[in-house]
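Asker: Each chain, letter by letter, is given below.
Number of protein chains: 2
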Amino acid sequence: MNFKAFHKMSYGLYLIAAEHNGQKTGYIANTAFQVTSQPPQVAISCHKDNFSTRIILDSAAFSLSVLKKEVNMKIIGDFGFMSSAEMSKFSGINFLKGSSGAPIVTDSAVAWFDCKVTQSVDLGSHYLIIGEVIDSDILLDEEPLTYQYYREKYKMFSPKNSPTYIEKSKLEENAQTIFVEEKPGETDVTYFDGKRYICAICGFVYDPEEGDPTMGIAPGTPFEELPEDYRCPVCNAGKEYFQEE
Amino acid sequence: MNFKAFHKMSYGLYLIAAEHNGQKTGYIANTAFQVTSQPPQVAISCHKDNFSTRIILDSAAFSLSVLKKEVNMKIIGDFGFMSSAEMSKFSGINFLKGSSGAPIVTDSAVAWFDCKVTQSVDLGSHYLIIGEVIDSDILLDEEPLTYQYYREKYKMFSPKNSPTYIEKSKLEENAQTIFVEEKPGETDVTYFDGKRYICAICGFVYDPEEGDPTMGIAPGTPFEELPEDYRCPVCNAGKEYFQEE
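Read top to bottom, the protein sequences are chains A and B. Position 98 (the first sequence) corresponds to 98 in my numbering; numbering is contiguous. Position 144 (the second sequence) corresponds to 144 in my numbering; numbering is contiguous.
Possibly wrong hints are sitting among the right ones.
All copies of an identical chain are treated as equivalent in the list; a pair is satisfied when it fits inside any one copy or across any two copies.
Straight-line Cα separation of at most 25 Å, PhoX-like style, residue types lysine-lysine; simulated pairs [what the hints assert, rightly or not]:
#1 Lys4 / Lys116
#2 Lys153 / Lys68
#3 Lys68 / Lys24
#4 Lys97 / Lys195
#5 Lys116 / Lys48
Calculated from the structure, these hints are not laboratory results.
Work out the full structure, taking the sequences as your base and the hints as a guide.
Answerer: Shown next as structure tokens:
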């Protein structure tokens, strides 16, 4: 079994949201896809341990916002790496109310789908939840974010409860090698010799060779020389949450 | 409901194959995705009327080959638009024998997965078939084909039995407009005034403005001036199968 093969499957990135008894929830997922056309139904794979899964099943509804390519990273940080049980992710966020009852996040989204749950399937660690699309719209004339683009740009892997999570040891070689593989034609890749640091909260990797242009950090800046108030560009964790890779 | 929203979801393109009692079958699908990581399981949505669906269910196995970006169009034509009941798609094709029993097509593929069916779910028009990945490998260090790239390059829509099929009337505006929307920034698009012809077998659209470079036809060649032995670059149908759009 070569686990790197799984990185050759293509996905988008979506914000899935739901609400039950006034409790809103939302998270980021790559595994969302249309499964029938008449009527249009979509499927999402939801970890049984996730707070959102219970809200989706109890309300029998969810929305799916298709994220835009240059997504606001605060949305990824809040919705992708925090639990709705612990924070209110919707303050300061624009959303509509779907006729299914689910909130529909419109920030950083190119399109949305409002869905009523038709069935759920027990897959062991996850439920595959099927929803009929009762309404949909286009918001922005922009490219959608793909999982490949996100993974390459932010050097991110799926978190542990994701259907596409892979233990690092199973990938056999380090992340750097995988990204090289996915960029055919780049034969002059410079392998990095210095120390990379990984955010323990969200898995973001700080690579001194590249710096962190989103936070104003120049390429070539070692982790030790980052300002004390440097924070993870994805989940906003402080420097103390970073560990040598 | 705005059906154009569905074109904002991202997919790859895969060749799914199976074999039962010596009968091999294979087809092209965009709706394949990982649904759990431990154990790794993938899901595919299969139309109940399709020949391949019965073979997959009877053999309780299937393989999934991830197609490469510059796929051999004969593979798309044979596996995407012909029925395995009517022709032997595997002659002249390289494939392995998976330990699940399924043939695994290796031509034009960057990676493959060999899967044992664990369950199937009735979705109305389709079965969602879940398979545990028992083996996988990488074949080529190349980019995978995405559904968006395929749709834009070949001006193709999903065929009628696909989970992502959309009736043209539901898209409200013509295909040309949709492609313009998906290429933000191209404000100088020239709208075509001449006659486009559509292949009745596979849906490929001959656009005289673009010609058909894959068949040596120069841009600006009207359909009427195509050589009599012109054939659809996708499914190999003759000129007589083309109709004015």
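Asker: Evaluate each hint against the coordinates.
Answerer: Status of each hint after checking the structure:
{"no.": "1", "hint": "Lys4 / Lys116", "result": "between (35 Å within a copy, 19 Å between copies)"}
{"no.": "2", "hint": "Lys153 / Lys68", "result": "both (14 Å within a copy, 21 Å between copies)"}
{"no.": "3", "hint": "Lys68 / Lys24", "result": "within (22 Å within a copy, 40 Å between copies)"}
{"no.": "4", "hint": "Lys97 / Lys195", "result": "neither (46 Å within a copy, 43 Å between copies)"}
{"no.": "5", "hint": "Lys116 / Lys48", "result": "both (19 Å within a copy, 23 Å between copies)"}
Violated hint: 4 only; the structure is consistent with all others.
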